[in-house]
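Peer 1: Residue numbers (this note's numbering), protein chains in the order written: chain U, 1 to 283; chain R, 284 to 569; chain A, 570 to 952.
These are computed hints drawn from the structure, not numbers from a lab. Watch out, some of these pointers could steer you wrong.
[Stated by the list, open to error] Coverage of chain U stretches by chain R, computed from C-beta distances (three or more under 8 Å per stretch; other residues unrestricted):
1) 201-208
2) 258-268
[Said to hold, decoys possible] Computed Cβ-Cβ distance ranges for the label pairs, DEER-style:
3) R:Tyr318 - A:Val609: 45 to 53 Å
4) R:Ser382 - A:Gly779: 55 to 63 Å
5) A:Tyr605 - R:Thr334: 19 to 27 Å
6) U:Phe255 - R:Arg566: 29 to 37 Å
7) U:Leu78 - R:Ile314: 51 to 59 Å
8) A:Asn727 - R:Ala472: 51 to 59 Å
9) R:Thr334 - U:Leu78: 15 to 23 Å
10) A:Val609 - U:Phe255: 56 to 64 Å
11) R:Lys521 - U:Phe255: 29 to 37 Å
12) A:Ala761 - U:Arg170: 43 to 51 Å
These figures come from a predicted structure and were not determined experimentally. Think of the CB as a built atom: it goes at the ideal place given N, C-alpha and C, for glycine as much as any other residue.
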Amino acid sequence: MYKSPILKWILGVYYGLFLLFLYGPFIVMGILSFQPQNGGPQFPMRGFSIYWYEQLLGIIGTSRAAPLPVGPALVRSLILAFMVMVTSTVLGTITAQAFRHRFKHTGFMFYLVMLGFIVPGVLVGLGVALVSNQLHIDKHWWLTGYIVHVIYTFPFSFLVMLAIFNRFDRSVEEASASLGAGAATTFRKITFPLVFPGILTSLLIAFTLSYDEFPRSIFAGGPQLTLPLTIYGQFGIEIHPNLFAFGVLSTLFSFALLAVFAILIAISVKRRARGRGIQEEIR
Amino acid sequence: MSGQRGNWFTRHWQLIPGSAWMILFLIAPLIMMIYVSFWTQTSFDIKPDLTTKSWQTFFSQPVYYSALWNTIRVWLIVLVGTFVLGVPVAIFIGLFVRSNTVQTILLVLAVIPFWTSFLVRIVAWKPMLGQNGALNIILMKAHIISEPLSFLLYTEVGMIIGMIQIYLVFVVGPVTFMLSRIDPNVIEAARDLGAGTGRIFKDILLPLSRPGLVTGAIFVSVLVLGEFATPASLSGRKVNLLGNVIVTQVGSLKWAFASVAGVVLTVVIALVIVGLLRITDLRKEV
Amino acid sequence: MSAEGTATVAADATGTVPGRDAGQPLLQVRNVTQRYGDKVVLRNVDLDVFENEYVTVLGPSGSGKSVLLRLIAGFEDPTEGEIDISGRNVVGVPAHLRNVGLVFQNFALFPHLKVGQNIAYGLRNRAHDRLSAAEADVKVEEMLHLVGLEGLKDRRVNQISGGQRQRVALARTLATDPKIVLLDEPLGALDANLRASMKIELRKLQTRLGATFVHVTGNEEEALAMADRIIVLERGRIAQFDAPERVFARPETAQVAFALSRFNLVKGRVEGGSFVADGFSLCLAPDHQVLSGPATYCVGYDRVDVEEVDTSLAPGDCSIVCKHVSHEYSGATVTYLFELPDGQHFEAQYHLHHRKAKRLEEGAEYLLRWPMARAFVYPGVVE
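Could you put the whole structure together from the sequences, leaning on the hints where they help?
Peer 2: See the structure below:
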């Protein structure tokens, strides 16, 4: 089946079209973000400028379009994403650790955690909003918003750490104990460094998911909007190319994050590779 | 060998933080939602006097119960669409590309849009699909059409195109992953034993990629069933899903009514997920 | 079939046995039972280990030997019973406070630390009496010298050979001066040559340090060669606990004989003072004749002489005539395989230092004989 060259060729062409389908809107958005001041949110291009980027970043004061209120929202989203990624990774690590011991109802616990992403965001937000109304607790992005974000990212952190611990050789921890190190020291000196790539992955995923989250925040996020909520607010009104400029910058930011992650992983891999190099020299 | 030291608490305390978070902040609010769906809704307020009035309204007014059918219809269309478009890509990367490096590059290219903002991905469709959108310009330049197509944006078609593009990665990723782990020798051996393409597909590829298919289906289902942003944006509010009903009702502080729609949505999701998990228990795949 | 024979074993194990009168035992396991659910892994295990002793625990996989180590190390607590170290009950004391070292079968080196850091780990991170970096460094050099790894301090553990890793694992444990050193199949991961040399080295190290070693193994040769005393575990029970030459001279049960892999075990029954099987019978010493019913006849491979069929027997000899099937040379020994009249196998092993090899014809019948006093009969049949 996989040997048929005609089929392979057809599928190859199809894959190209598929990429076009995936990336086409991004490309169009990227081009349109360089519309000049008099250009609209569609073709034709009336020239080429970075006007909308300047407008977005507040370099140009006056404009026919209202500026996107992204500044404070961006700060909130970054702080929130940071809080969420730490909490989610800690919870995910602890819970995955629990799965290393046998216990009854592992299936129940597994799916309880999975519910965090199975239950649609709009329902999670609604439920938390109802409870906070009832208890007269004010909704804030750093309180109720934070809670629902962790519900969403926790399952992903948990899955990453579960996969890491499944491949983890438990005897090194026992070796540490038999050498006299207590549980906390063992975790700090042995377990943590060995599962660090997993922790890094969990941090990255949780950060990205939280940074982009909005269905849960819409009801539970409180009056001060996070970045995605600000953008969602633009859906109802006339859009301008500044939204595209935002899209381009936001996509670049996501990729930058991914690149930082890739570099961090590469450094830890390289460190081991360097060690191997020394060995070769000695031989 | 599991640790046998100490009592339940010292051995299993690690279960407590995670389950506490989920039970307090997810399960309890969902139960609250069921409870509130039976509260009495007045124009400005809700009272905890139990009634089924909101439920009766939901199932008697077409504008609401049609949202249920819309949700199920759109879910099925998008699910089928993502699989029809995504599985060939997975087959290409997973089975036809032999080099591991090329495989990784092609897969990364296919799933990287997942990494970008969801809302940006919706917005990006607007200049593609509009009357003066890129798609119409290209089709007219190519003389495939003479008049711009008007059914692309602010219609159900546009919404479905957008959703399929956004959720395609969730099928391509897991299915490619499972297919690429299949040892080519297994297929080779089956062919040597006289199995035809159909039989190889049914007896080898399907069972071995099933966890990937189910994972993809769960992702797509969960995300589509809970949708409200894409319909709001790309269908120009013409298509009303359960998610949209909830958002609108909360917007006008009709909490009891929003809760009814919420419970209905929960039941739909539960049925879909339980159905999919009957095919493969994902717990065993981790 | 083992290449080495009893002669070597006996020579290695003739050292004095620190006996039961050497004062208070360092380690006492008292009536320990370990269950996982319904499964009983250890059953009423009792044992004493004295200071400076080298004890091996021999048993097949599933005999509970690793669990016994884990209980002593403190990774698990026994369902019932008590474990005393230096006269103090340690049940409930966590592993890191027991001062019991464990050398793992897979070595369990810390992959992210260098050789020196691995060895210094316990000294620098233990709960009590942590050393400064400088103090630990001195000890690390000392340990590297002890195990012959000078100059490898800054290597990563994935840059050294299997044998070197084994030494690092050992050095890491010994560095913390544990009261008891537990070794979980320490030679299992090494190839045959390395195993032979490590065997000698381990024993030397233990003598030099005056440490107490408890060494778990599934290999009877290792167990016999290294131990002052040997514990034979059989399905969670101690079948025999004695000096190796005594265990070898007189296995207490058929299972022990089986575990030693140096005995012919013939299935049959005792009837009217002699051992009978299908189509033949074997003679019995008078003290064995009291048995009756299903039984296992046991005689060491190297106690059996192969003679021509018409050879006359000395008084006190047992014999049987049977068919020669094949033979196996393995360095210092040659093993002749025979088939008893009912199809069971029987072996005779000649150590070429002591006996001259024979030229036998395959398919021909020979007379096998052995001293009656060297044959044992156990009730029941070993599977």
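Peer 1: Hints first: check each against the structure and report whether it holds.
Peer 2: We went through each hint and held it up to the structure:
Only when three residues or more bring their CB closer than 8 Å to a CB of chain R does the claim for the stretch 201-208 of chain U stand; here the count is 1, and the claim is violated. Given as covered by chain R, the stretch 258-268 of chain U fails the check, having 1 residues with a CB less than 8 Å from a CB of that chain where 3 are the minimum. Look at Tyr318 (chain R) against Val609 (chain A): about 50 Å separates their beta carbons, and that is inside 45 to 53 Å. Distance hint check: the CB atoms of Ser382 (chain R) and Gly779 (chain A) are about 60 Å apart, consistent with the given range 55 to 63 Å.
For Tyr605 (chain A) paired with Thr334 (chain R), a C-beta distance near 55 Å fails the hint of 19 to 27 Å. In this structure, Phe255 (chain U) and Arg566 (chain R) meet the distance hint of 29 to 37 Å, their C-beta atoms being roughly 34 Å apart. At roughly 33 Å, the beta carbons of Leu78 (chain U) and Ile314 (chain R) sit outside the given window of 51 to 59 Å. In this structure, Asn727 (chain A) and Ala472 (chain R) break the distance hint of 51 to 59 Å, their C-beta atoms being roughly 35 Å apart.
The beta-carbon spacing between Thr334 (chain R) and Leu78 (chain U), approximately 45 Å, falls outside the hinted interval of 15 to 23 Å. At about 59 Å, the beta-carbon gap between Val609 (chain A) and Phe255 (chain U) stays in the expected band of 56 to 64 Å. Checking the proposed 29 to 37 Å range against Lys521 (chain R) and Phe255 (chain U) shows it holds: the Cβ atoms sit about 34 Å from each other. With their beta carbons about 29 Å apart, Ala761 (chain A) and Arg170 (chain U) fall outside the hinted range of 43 to 51 Å.
In terms of the numbered hints stated before, the structure departs from hints 1, 2, 5, 7, 8, 9 and 12, listed from lowest to highest.
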